[in-house]
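Undergrad: Let's have the full structure, built from the sequences with the hints guiding it.
Number of protein chains: 2
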Amino acid sequence: MGKHKLRIIPLGGLGEIGKNMMAIEYANDIIVVDAGLMFPEEDMHGVDMVIPEISYLLERREKLKGIVLTHGHEDHIGALPYILPQLDTPLYGTKLTQGLVTVKLKEHRYSDKATTKVIQPGQKYPLGNLTIEPFSVCHSIPDSIGLIIHTPIGAVVHSGDFKIDYTPVDSKPTDLARLAQLGAQGVLLLLADSTYAELSGYTPSETVVGETLDHIIADAPGRVIIATFSSLISRIQQVIDAAARHDRHVFIIGRSMKNTTKMAAELGYLNIPTGVVRQPDELHRFPHDKIVLLTTGSQGEPTSALVRIANHDNSQVRITRGDTVVMSATPVPGNETLVHRTVDTLFRQGAQVIYEKLAQVHVHGHGSQEELKLLLNLVKPKFFMPIHGEYRHLSLHAKLAKSLGMPESNVFIIENGNILELDRNKARITDKVPAGNVYVDGLVMGDLANVVLRDRKMLSRDGIVVVIVAIDKKKGKIIGRPDIVSRGFVDTTEEETILEQGRDLVATTLERSSGRPLEWSFINTKVKDTLGKFFYEQTKRRPMILTTTMEV
Amino acid sequence: MGKHKLRIIPLGGLGEIGKNMMAIEYANDIIVVDAGLMFPEEDMHGVDMVIPEISYLLERREKLKGIVLTHGHEDHIGALPYILPQLDTPLYGTKLTQGLVTVKLKEHRYSDKATTKVIQPGQKYPLGNLTIEPFSVCHSIPDSIGLIIHTPIGAVVHSGDFKIDYTPVDSKPTDLARLAQLGAQGVLLLLADSTYAELSGYTPSETVVGETLDHIIADAPGRVIIATFSSLISRIQQVIDAAARHDRHVFIIGRSMKNTTKMAAELGYLNIPTGVVRQPDELHRFPHDKIVLLTTGSQGEPTSALVRIANHDNSQVRITRGDTVVMSATPVPGNETLVHRTVDTLFRQGAQVIYEKLAQVHVHGHGSQEELKLLLNLVKPKFFMPIHGEYRHLSLHAKLAKSLGMPESNVFIIENGNILELDRNKARITDKVPAGNVYVDGLVMGDLANVVLRDRKMLSRDGIVVVIVAIDKKKGKIIGRPDIVSRGFVDTTEEETILEQGRDLVATTLERSSGRPLEWSFINTKVKDTLGKFFYEQTKRRPMILTTTMEV
Chain A
19 MGKHKLRIIP LGGLGEIGKN MMAIEYANDI IVVDAGLMFP EEDMHGVDMV IPEISYLLER
79 REKLKGIVLT HGHEDHIGAL PYILPQLDTP LYGTKLTQGL VTVKLKEHRY SDKATTKVIQ
139 PGQKYPLGNL TIEPFSVCHS IPDSIGLIIH TPIGAVVHSG DFKIDYTPVD SKPTDLARLA
199 QLGAQGVLLL LADSTYAELS GYTPSETVVG ETLDHIIADA PGRVIIATFS SLISRIQQVI
259 DAAARHDRHV FIIGRSMKNT TKMAAELGYL NIPTGVVRQP DELHRFPHDK IVLLTTGSQG
319 EPTSALVRIA NHDNSQVRIT RGDTVVMSAT PVPGNETLVH RTVDTLFRQG AQVIYEKLAQ
379 VHVHGHGSQE ELKLLLNLVK PKFFMPIHGE YRHLSLHAKL AKSLGMPESN VFIIENGNIL
439 ELDRNKARIT DKVPAGNVYV DGLVMGDLAN VVLRDRKMLS RDGIVVVIVA IDKKKGKIIG
499 RPDIVSRGFV DTTEEETILE QGRDLVATTL ERSSGRPLEW SFINTKVKDT LGKFFYEQTK
559 RRPMILTTTM EV
Chain B
19 MGKHKLRIIP LGGLGEIGKN MMAIEYANDI IVVDAGLMFP EEDMHGVDMV IPEISYLLER
79 REKLKGIVLT HGHEDHIGAL PYILPQLDTP LYGTKLTQGL VTVKLKEHRY SDKATTKVIQ
139 PGQKYPLGNL TIEPFSVCHS IPDSIGLIIH TPIGAVVHSG DFKIDYTPVD SKPTDLARLA
199 QLGAQGVLLL LADSTYAELS GYTPSETVVG ETLDHIIADA PGRVIIATFS SLISRIQQVI
259 DAAARHDRHV FIIGRSMKNT TKMAAELGYL NIPTGVVRQP DELHRFPHDK IVLLTTGSQG
319 EPTSALVRIA NHDNSQVRIT RGDTVVMSAT PVPGNETLVH RTVDTLFRQG AQVIYEKLAQ
379 VHVHGHGSQE ELKLLLNLVK PKFFMPIHGE YRHLSLHAKL AKSLGMPESN VFIIENGNIL
439 ELDRNKARIT DKVPAGNVYV DGLVMGDLAN VVLRDRKMLS RDGIVVVIVA IDKKKGKIIG
499 RPDIVSRGFV DTTEEETILE QGRDLVATTL ERSSGRPLEW SFINTKVKDT LGKFFYEQTK
559 RRPMILTTTM EV
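Same order as they appear, the protein sequences are chains A and B.
Quick note on the numbering used here: the first sequence kicks off at 19 and runs consecutively.
Quick note on the numbering used here: the second sequence kicks off at 19 and runs consecutively.
Some hints here could point you the wrong way.
Claimed, not checked - In the DSS-like style, the derived pairs of lysine-lysine whose C-alpha atoms are separated by at most 30 Å in a straight line are: (1) K475(A) x K391(A); (2) K308(A) x K544(B); (3) K375(A) x K122(B); (4) K131(A) x K308(A); (5) K558(B) x K124(A); (6) K544(B) x K491(A); (7) K280(A) x K131(A); (8) K391(B) x K375(A); (9) K142(A) x K21(A); (10) K495(B) x K491(A); (11) K475(A) x K495(B).
In case anyone wonders, no lab produced these hints; they're calculated from the structure.
For clarity, every value in this text was computed on a predicted model and none was experimentally measured.
TA: Given below as structure tokens:
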């Protein structure tokens, strides 16, 4: 025991390090923490989602003892339908997390084939040489856990996504006592959430939002429409409680909100007093000041219930003067424009809209600087590796650790695919393993060769021009005038003139250079040069030019 | 006098109302306030910029008395090179604003043809029936003004972009005294900046930033690199002052920063103590703790000096451990990803990066709620119309006015192209005039027909497939197998198989339906249906399908 090295490898996260997947390896055992997806960035045209590359795990499949899931958010479980068929390994997670995983695997018709084991905080689960011991953490979904990983050379603590909330609504507080006890015994390595390392102070408690929602529901002259994430079950609970207190009925609008609340209620994570929640077809039976509507759409998603309502595209609800709409969420980076448009549309129709900038209708699920310091102080790790965040967040988290007296040489900021290798006394960054992003686009998973993305980007800018040249097979000369069609390049009013001129230009150019039999590569070069220049002069645009020849 | 109606028409602003252009019309006179541009939103593929539609003005060119510019930012002067040749009317603006306009018009070789008149706060300038009286306001560029417009039926106040800063760095404080005096005499209408109507309290003074920068420069162990907007001359002044105080030299990196500081110094808006600013080729002569670098790139613009430095693409500067980089600006909405990537890259190279979330290294140039209330209180207008902001900002600004006791019926939220028509006692929204967005794309200005933008969007998602079918003119039958090429659709590894299958499919389909002579529209429909379905089944993607026929 102890003669092997412990290897920590962040494997997934678009820009963020170790966010979607981490591998922990000792001798002949590997456990994986989380298997999530990320949504594509702006310049990844047409990509539906991004998942971690798992070639490192595939090559060591016999070592793999299981995937442990810290909680049920998409960025931690969303890649399972894509990678589980390849890895075929048991899944460990708490009850609600497994509930959400099952729903997801069912959609992909894989639920029968998966081995899922429900785990509980405070219990220990040996997976080969590595024993995992989950501990409760607060986050924006119930049943979230962090992990103590007992290894032959010492304990590793993985925080999961966490905040410290002494008055959480639906979950146990983060188990500081167990962490303090462990810290006293000695912890080899801490891996901790850096998402909000930029923010000073403490993240407010979920209870604060409950108070704001209570005031809004008490004071609103008409209906209150509250949009939030369907997985934010504590928020849903607070809405139901506030509605009940003020003698209002709650109507749940939209399929995903209905499904999650149903599942959460069945598993015991949502407590709905009798008679409070009603079916949408009963809406007309109640006056407006007795109504609370609960919907998705806090991110301005075009197909969500709230956006349909705002766009007069929902059969049950239409905004009227007197309605109060609460956006009980922060726009996820990249969604700002959609959210703003939705808010503007709602205001236009006479609603009062309350959102994060105007009142505390949302708190986030990650710890701020003081919470990060508290965790570091309790766990007192020998080595520290910030994870879950982009490089700047990790840098700031590392700086916090140093400000608490940790030696700089014991703090490691590493990138996805880097390996942190440890024994009892030393840690260092060694190898680099493949840990790219796998793009899921339609049915295809792969690296979606840069060329496809580059083409799409180019097409999106100035469109495309297709040139078809007919060639007399025997004579090697062009027949008639070449054909040109375009899309996304010029307006229909300009199109005819410029394309006709282009046809003439290509014809002249190719006729002039007919000293030898025409072949595609020669034609292609000529056409690209001549037309490219001509179109740029005329329009200052550079469409993609595609030449095809047809021999007849 | 007084028998005509006064008409107020917001003409330009992408999402924002009246931001880029307002028209004010009385009897036979029209004055225009500002002529700015907006940068395109995400879904406006390939559009370079967006300018206001001016057809309303072109139809009334004989009435137009001039364009009055409130300040020299792009969103207030940037459309001039495009619209001035069409409108050919005099420009009124303060000295620095005219300086920036001249630079801009020179670039477009139009400066000789423009009539520009320098105006001064406190003076009156009659333009037909309408007399403009500029007043000083604080904003993030010196020489900013608001306008009192004296009309035959009463005074109109246009705030321009403004904040209230009692300790501005390089401009006069907002002229509250003149506004109070005018308010006492009676103001018909106030048009006021709503940009920050979401924020409670007061916007901090520019001086606060000076203190933060002073501390950073005093404490930094090595070089300090400060990135900001080149037009933010007060910030540049504060950097130069702090550097001088701490015995450091300032090196200005990047063309646009050099040009603006030169111009501002020549016009007297920037005060540079002798010997403080040095040429970049002297950089090696000074130790790192005697150096401050001033650059553009606070928005992560790929061609800016800071981004080039971060990417090892600047010949003079390379980041080393010990450097401190200050992002002295907020990311403009839409630029967040670029800014974050730049910050991450700088951290990766060992720099300490200080940005808005970590310290007060930026304040914005617009008033918050208390300032908006103060303006309303001083001006005491009979009618109020919030401008400069998206619909939600205007709604919140209107709500503020109502909270101060203004009757709801005297507050008007209108959209671009709506006309607010007033006499001494009444105001109402009447007509709707054309006020769309004109897209500038390359050399073309126009509405860039939705079809072009829609095509580009579709192309950017799943690419394009071009099908070329050769037809025997005499027999009306296809010749050989159709040709298929694609771009941005599938990876090269999958491409051959799927396109070959597609060729067979098209050939079979067209051969089977050869009861009558083949013509393009029939072929096009068949090909789109068959291939569209086939590709979707195979890939879950929907590329654009373009069919061309060639008769031989």
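Undergrad: Looking back at the hints listed earlier, which ones does the structure fail to meet?
TA: Failing hints, ascending: 1, 2, 3, 4 and 11.
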